[in-house]
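Sequence lines, in order, name chains A and B.
Just so you know, we're using the numbering used here here: the first sequence kicks off at 762 and counts up by one.
Just so you know, we're using the numbering used here here: the second sequence kicks off at 18 and counts up by one.
What the hints contain is simulated information worked out from the structure, not anything from laboratory work.
Heads up, a few of these hints could be off.
Derived Cβ-Cβ restraints for the label pairs, each shown as a range [said to hold, decoys possible]:
id: 1; chain 1: A; residue 1: 1067; chain 2: B; residue 2: 75; range: 27 to 37 Å
id: 2; chain 1: A; residue 1: 1077; chain 2: B; residue 2: 166; range: 41 to 51 Å
id: 3; chain 1: A; residue 1: 1101; chain 2: B; residue 2: 157; range: 56 to 66 Å
id: 4; chain 1: A; residue 1: 786; chain 2: B; residue 2: 142; range: 58 to 68 Å
id: 5; chain 1: A; residue 1: 1077; chain 2: B; residue 2: 165; range: 55 to 65 Å
id: 6; chain 1: B; residue 1: 180; chain 2: A; residue 2: 848; range: 21 to 31 Å
id: 7; chain 1: B; residue 1: 64; chain 2: A; residue 2: 848; range: 26 to 36 Å
id: 8; chain 1: A; residue 1: 877; chain 2: B; residue 2: 75; range: 50 to 60 Å
id: 9; chain 1: B; residue 1: 80; chain 2: A; residue 2: 1081; range: 50 to 60 Å
Taking lysine to aspartate or glutamate and the DMTMM-like style, the derived pairs with C-alpha atoms no more than 25 Å apart in a straight line are [unchecked claim]:
id: 10; chain 1: A; residue 1: 851; chain 2: B; residue 2: 78
id: 11; chain 1: A; residue 1: 851; chain 2: B; residue 2: 167
id: 12; chain 1: B; residue 1: 90; chain 2: B; residue 2: 78
id: 13; chain 1: A; residue 1: 818; chain 2: B; residue 2: 78
id: 14; chain 1: A; residue 1: 826; chain 2: A; residue 2: 921
id: 15; chain 1: A; residue 1: 851; chain 2: B; residue 2: 57
id: 16; chain 1: A; residue 1: 851; chain 2: A; residue 2: 921
id: 17; chain 1: A; residue 1: 1081; chain 2: A; residue 2: 1034
id: 18; chain 1: A; residue 1: 818; chain 2: B; residue 2: 64
id: 19; chain 1: B; residue 1: 90; chain 2: B; residue 2: 64
id: 20; chain 1: A; residue 1: 803; chain 2: A; residue 2: 1014
id: 21; chain 1: A; residue 1: 783; chain 2: A; residue 2: 796
id: 22; chain 1: A; residue 1: 1102; chain 2: A; residue 2: 1074
id: 23; chain 1: A; residue 1: 851; chain 2: A; residue 2: 823
id: 24; chain 1: A; residue 1: 963; chain 2: A; residue 2: 921
id: 25; chain 1: A; residue 1: 851; chain 2: B; residue 2: 127
id: 26; chain 1: B; residue 1: 143; chain 2: B; residue 2: 57
id: 27; chain 1: A; residue 1: 818; chain 2: A; residue 2: 878
id: 28; chain 1: B; residue 1: 179; chain 2: B; residue 2: 78
id: 29; chain 1: A; residue 1: 826; chain 2: B; residue 2: 78
id: 30; chain 1: B; residue 1: 179; chain 2: B; residue 2: 53
Partial selection, computed: residues in chain A whose CB lies under 8 Å from chain B [claimed, not checked]:
id: 31; residue: 820
id: 32; residue: 845
id: 33; residue: 847
id: 34; residue: 853
id: 35; residue: 866
id: 36; residue: 1070
All of these numbers come straight from a predicted model, not from anything done at the bench.
Beta carbons are placed, not taken as given, at the ideal position from N, Cα and C, and that holds for glycine.
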Amino acid sequence: MANILVVDDDRDILRLLEFTLKRVGHIVITAPNGEIGLAETKAQKPDLIVCDIMMPKMTGYDFCKQVRADPNVEHIPIIMFSARFQPIDKQTALDAGATDYLPKSTAPDALVNRINELLPHTSKKPAQGTIGLFSLRGGAGTTSLAVNLSIALTLTQKTDVALVDLAIHGGHTAVMLGMRPASNFSQAATAVKNGADPAAVKSHFMKHSSGIELLASPPNFVQTSLDNSLLKMLNGLASIYPITVLDVPHILEPNFSPILQMVDTLILVLTTDMPSLQSTALALQGLQKLGIPDNKIELVVNQITPANSLPTDTIQKALKRPIRAVIPFEADMVKAINSGKPMLLIAPQSPATAAIGQLARTILT
Amino acid sequence: MSTVRRISAGRVTADFFTGSYRFSASVIVYNRRLVDVLSDPSTDYLDMVDIYISRINNPGDIVATYQSGTLIKEAINFILLASEAEGTSQQRHYAGRQNLPIFLSIPSFEIHGEIQWGTKDWEARKVLAVDSQKFLPVFNTTASNSIFPEVTFQGPIALVNKTQIQVICAGAAG
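Chain A with its partners taken away, still in its complex shape (with noise of 0.2 Å):
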């Protein structure tokens, strides 16, 4: 799954692509002309662009050109697209900075096959590390941002993702996925106290259509201990998975340090409202209070409502670092929650979801 812009000023064009794109998994931005496309290119930063040549205003070649004069955007590869289907017109296009030069006559397939073979992660290597998803107050959206991030994560990074609850006692990631899982974080790490292997470590956890591994939280009220056998647990999991992510219960307590310890990067959610504001601030301090760099830790804001009281611009100042990404507002989001049915699946086109899907490609490099 990749960010991709298609600028085109012919509506049917769009429509086709936009169509042909998102069948294949892709989630597409759109943009009727050159103007309009730069804009997202700057706001978006797609993966890989697809862009017309005869539009009004500003040619596909002047919107090339523009890109390529963009540090912030020049490597994002450009496929020119074009009803012009002359030798001279794909020089032209070359010159102007594009990457690569299809007519229009092209089929969906073959046109599909080039951007898959242009986008930036098919000559990376796979993504690893485990992501740890914190707030310090309830209602930020961690979990389903925990849950469709995982997601976006095996569908970008085409590797298996597991999805750990850690919240002690009647977590939410099940219920979002529409599971009933048979087992739990608790029982893992006892297995593992146990001298269970990483092969019996795995069958506590359930598999999700979508391809991720749930370990969920206890149902029930139970008494968890943190000791070291859910970190010894939590630990060996990267020899079974290559990416984790876990939904980091809202505690900041010196015997949760060991495992906001072991995350490669945690994300902060927040919402845009002061009470939110002021527990950001205050994770923050007790953050760097128990020894978690500072450098792992990345800010993700979750519009959790249409209207949005403080601007980013504001948050940023206030917590003196820069937000790494924003979520915007999705009305589907809470009827995604009760249906069980992710938001990233529901809903593919959503802003939101092109929001998780660029952090999903982003978060590990």
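Model the placement of chain B on the given structure of chain A, informed by the hints.
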């Protein structure tokens, strides 16, 4: 199947060449084919939309764009199309046809390609007769500019204005 077949209903995009310019533009043809629109005797003009103009000495460079414009059919040298279907008439031909190599000279251009010839004996007069079709379909076309020989255009089919043809030679070059 090509990506852009005719998904824009009734609209054909092509390259229109005069002696000095290349116009990449679309023509609204409704339910007809472009070759039939060109041969429509009720008008001498061809209305175009989304026009991108290049000079013939630098045909990759777009020097101007217009949303609409009109081309005088008589001024067209030839038209290059990405699809054969648009360049052949909807009128059916039942006689057996064969491909015949051909060379044409028109103002500023020389064209190599093939024509489909249905009768046993080749007759230039019959090919050039401006009867029902004013434009001659030439397949597997290469058009070279006679002033700037490095400027060439290729396509599966060209529609050459019969009234612009100066010389026509058929058969393999000697």
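Could you tell me which of the numbered hints above are not met by this structure, giving the numbers in increasing order? 1, 2, 8, 14, 15, 16, 20, 22, 27, 28, 36
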